[in-house]
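Could you put the whole structure together from the sequences, leaning on the hints where they help?
Take 11 as the starting number for the sequence shown in my numbering and just add one per residue.
Keep in mind the hints are simulated off the structure, nothing from the lab.
Be careful, since some hints might not be right.
[Unchecked claim] The following label-pair restraints were derived from C-beta to C-beta distances:
id	residue 1	residue 2	range
1	Gly61	Glu33	33 to 41 Å
2	Leu57	Val79	20 to 28 Å
3	Leu18	Trp83	37 to 45 Å
4	Ala52	Ala103	16 to 24 Å
5	Ala52	Arg92	21 to 29 Å
6	Glu93	Ser19	33 to 41 Å
[As the list claims (entries may be wrong)] Cross-link-like lysine to any residue pairs, in silico, SDA-like; alpha carbons within 25 Å at most:
id	residue 1	residue 2
7	Lys17	Arg49
8	Lys17	Ala43
9	Lys17	Met48
10	Lys17	Val44
11	Lys17	Glu33
12	Lys17	Ala36
13	Lys17	Gly61
14	Lys17	Arg29
We treat Cβ as the ideally placed atom computed from N, Cα and C, and that holds for glycine.
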Amino acid sequence: MTSAMRKLSISVPPDVAERLEHESNASAYVTQAVRDRMRLDALDAELAHQGIQITEQGVAEARARRAAVEAEWSPERRSALRERARQHALDAAGTADQSAA
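Here it is, written out as structure tokens:
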């Protein structure tokens, strides 16, 4: 059974339009991007509910600490972690595809 779909007409900046033109299924790409953002918004809301405030300064400090740690990584470790993250993303996408079927 196919879920109901709604057709929307949106305006995007030229760089976004160019990116979407390279996608074989721009609707699926945009849908996934919006769902990813919805999950982040839900996470932010839950953190706020728990009394944890995310600030731009806190994010900048965390990124700086992460960059300092990553700067010490060997190219092999960086490559292995990148591959592990890629595989995890593929596994998660496969799981999402199976549950949608």
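Here is how each hint holds up against the structure:
1. Gly61 - Glu33: 33 to 41 Å: holds, 40 Å
2. Leu57 - Val79: 20 to 28 Å: At roughly 22 Å between Cβ atoms, valine 79 and leucine 57 fall inside 20 to 28 Å, so the hint holds.
3. Leu18 - Trp83: 37 to 45 Å: Distance hint for leucine 18, tryptophan 83 holds at roughly 43 Å.
4. Ala52 - Ala103: 16 to 24 Å: holds, 19 Å
5. Ala52 - Arg92: 21 to 29 Å: holds, 27 Å
6. Glu93 - Ser19: 33 to 41 Å: holds, 40 Å
7. Lys17 - Arg49: Since the Cα atoms of lysine 17 and arginine 49 sit roughly 22 Å apart, the hinted pair holds (cutoff 25 Å).
8. Lys17 - Ala43: Holds, because 17 Å separates the two Cα atoms, which is no more than 25 Å.
9. Lys17 - Met48: holds, 19 Å
10. Lys17 - Val44: holds, 15 Å
11. Lys17 - Glu33: Satisfied, since the Cα-Cα distance of roughly 18 Å is no more than 25 Å.
12. Lys17 - Ala36: holds, 13 Å
13. Lys17 - Gly61: Status violated; Cα separation ~38 Å.
14. Lys17 - Arg29: holds, 20 Å
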